[in-house]
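Q: Sequence:
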Amino acid sequence: MDIYNKYTWTSGKADAAIYYTNTNKNAYIWNSRFNKKLHNLKNYPYTTWYISRSFVRKNKVYYSISNGGKVKGVVWHGYVTPAVVKNLNSFNSDSDYLSYLNTDKSQKLSRALLKLIPNANVSLNLSQQASMNKITDYQNIINLGTVSGTVTEGAITHKTIVHDFLMGFSATNAAKAKTAGKMLAAKGYTSDKLASLMSQGYQVGIYVNDGAATSVGKSGYPSTISFKSSVQNNMAFVIAKPKEN
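Number 26 in full-length UniProt numbering belongs to position 26 of the sequence shown; there are no gaps in the numbering.
By construction, these hints were calculated from the structure, which means they are not laboratory data. Since the structure is predicted, the reported quantities are computational estimates derived from the model, not experimental observations. The beta-carbon is built from N, C-alpha and C at its ideal position, and this holds for glycine as well. Any given hint could be a false lead.
DEER-style ranges, computed between Cβ atoms [claimed, not checked]: (1) Asn92 / Met132: 13 to 23 Å; (2) Arg33 / Asn125: 51 to 61 Å; (3) Ile141 / Val56: 44 to 54 Å; (4) Lys193 / Tyr7: 49 to 59 Å.
Model the full structure from these sequences, guided by the hints.
A: Here you go:
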């Protein structure tokens with residue numbers, strides 16, 4: 001990542017900052033010459049955008065933007081807003097954390113993954129411990145993130161684990177979760193099996209950073225984004241049973 005100043009910034013694909021649409025009005029994505037409207041952000045209200053460049057043109061700040069696929073171009077910076085993930089220690093209860101998972105834009109992948117587990121019983125405590133790779137209060141731990149399988153992306157088929165596949169840029173959140181579900185089912189963790197484990201008192205620990213920032217400056221420019229965090233695992237997805245006292 002190269003930072004020249006507050007407004008001019010470039011990055012490689014792996015370091016691209018994640019943003020979300022910040023308007024419900026006409027907001028156009030232009031080609032690099034600014035002589036052709038390519039897309040209207042109004043038609044992409046829930047899309048995850050990857051910002052690889054920030055630059056100034058006629059005293060306005062613009063971003064080079066992509067959805068990780070065919071939708072790409074240049075957009076005025078005010079039409080999008082940075083994705084920021086909250087500190088897990090800022091939540092006070094399971095219900096508080098679940099509300100965040102169900103509503104925050106940064107947690108779209110979490111929501112898609114939780115749909116794989118009927119009647120998922122999300123535990124804040126397990127999520128916190130899993131995010132630090134230090135689970136001590138639980139037994140019979142099943143790390144769904146380390147389940148391995150074969151994935152086909154385009155013309156390439158390769159072996160991977162759920163965690164690594166989910167952290168890639170090549171698919172939508174729904175598509176990622178669907179593929180992860182197939183990988184889990186192939187190893188016996190079908191929706192019926194996971195639902196059965198929930199009925200036996202198992203809980204879900206989930207933390208998905210998905211490349212979101214941990215903090216950002218008031219301006220929202222990529223150069224003000226910070227990814228510093230005490231969390232050890234950028235994607236934790238486990239189920240486990242609380243230890244009996």
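Q: Look at each hint and say if it fits the structure.
A: We went through each hint and held it up to the structure:
no., hint, in the structure
1, Asn92 / Met132: 13 to 23 Å, "holds (18 Å)"
2, Arg33 / Asn125: 51 to 61 Å, "holds (53 Å)"
3, Ile141 / Val56: 44 to 54 Å, "holds (50 Å)"
4, Lys193 / Tyr7: 49 to 59 Å, "holds (52 Å)"
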